[in-house]
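*Asks:* Sequence:
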Amino acid sequence: MKKHVFQISVVLLIVILVVVSFYMLYIHVPYYNYHNNLNQIRNEICEQNNYEYKDYFSEYRGKHTYYMLKVNMNNVLSFVAYDQELKLVDTYQGNVADENAVKKEIKDKYNMDISQLEIGYENQRFVYYGRIQNDETLLYVYYDLSNGEFMKAVKLGE
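Per the working numbering, the sequence shown runs over residues 1311 to 1468.
It is possible that some hints are incorrect.
For lysine-lysine, the following DSS-like pairs were computed, each having C-alpha atoms within a straight-line distance of at most 25 Å [as the list claims (entries may be wrong)]:
| id | residue 1 | residue 2 |
| --- | --- | --- |
| 1 | K1373 | K1397 |
| 2 | K1465 | K1417 |
| 3 | K1364 | K1419 |
| 4 | K1380 | K1413 |
| 5 | K1462 | K1414 |
| 6 | K1462 | K1417 |
| 7 | K1397 | K1419 |
| 8 | K1462 | K1380 |
| 9 | K1364 | K1380 |
| 10 | K1417 | K1364 |
| 11 | K1380 | K1419 |
| 12 | K1462 | K1373 |
The hints are simulated quantities; they were obtained by calculation from the structure and are not laboratory data. Note that the structure is a prediction, hence the values are computed from the model and not measured.
My request is simple: use the sequences and hints to build the entire structure.
*Replies:* Structural data, given as structure tokens:
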């Protein structure tokens, strides 16, 4: 009987080792490398351009990929967009629409709550964009960053 318990324990430990190894190799390591690469891109942009980073960085994937940063540039709060070659595409230094007002407009228009809006670069303009998803559809909404006006919505599904 003790021999069977030992064999079952060894098999169970081997299964656990295989599951943990799979997780580390195919999930954790690629996720870590991806985010580490994004941090290096952010740091490189800030260092090369002497920006003071202001706690906003995201990778925007539309038709093209842009890196969006909120920085202090010459003592002016600015949003900058860089392409994949880390070249400056555009800078925005004006007033920013109230994010809560945009969320309220989305709720009124689509009768759905949106938890978070990101900043992107679409149609050569800085935008708020968000994703709303339910069981049947996925909806991307775009609002102008400067005034909060609706720009477009892209609906997938249904």
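*Asks:* Hints first: check each against the structure and report whether it holds.
*Replies:* Now the hints, each set against the structure:
1. The straight-line distance between the Cα atoms of K1373 and K1397 is roughly 17 Å, inside the 25 Å bound, and the hint therefore holds.
2. In summary, the hint linking K1465 to K1417 is supported, as the alpha carbons are separated by about 16 Å, within the 25 Å threshold.
3. Under the criterion of a C-alpha separation no larger than 25 Å, the hint pairing K1364 with K1419 is inconsistent with the structure, at around 32 Å.
4. Distance check on the hinted pair: K1380 and K1413 sit about 20 Å apart at the alpha-carbon level, within 25 Å; holds.
5. Note on K1462 and K1414: the hinted pairing holds, with a Cα-Cα distance of about 16 Å set against a maximum of 25 Å.
6. Only pairs whose Cα atoms come within 25 Å are accepted, and K1462 paired with K1417 is accepted, the gap being roughly 15 Å.
7. Taking the CA atoms of K1397 and K1419, the gap is about 37 Å. The hint is violated against a cut of 25 Å.
8. Restraint check: the Cα-Cα separation between K1462 and K1380 comes to about 23 Å, which is no more than 25 Å; the hinted pair holds.
9. Taken as a hint, the K1364 and K1380 pair is honoured in the structure, with Cα atoms around 5 Å apart against an allowance of 25 Å.
10. About 28 Å separates the Cα atoms of K1417 and K1364, which puts this hinted pair outside 25 Å; it is violated.
11. Of the supplied pair hints, the one linking K1380 and K1419 is violated, its CA atoms being roughly 28 Å apart against a limit of 25 Å.
12. For the proposed pair K1462 and K1373, the alpha carbon gap of about 15 Å is at most 25 Å, so the pair holds.
Of the numbered hints given earlier, the model fails hints 3, 7, 10, 11; all others are met.
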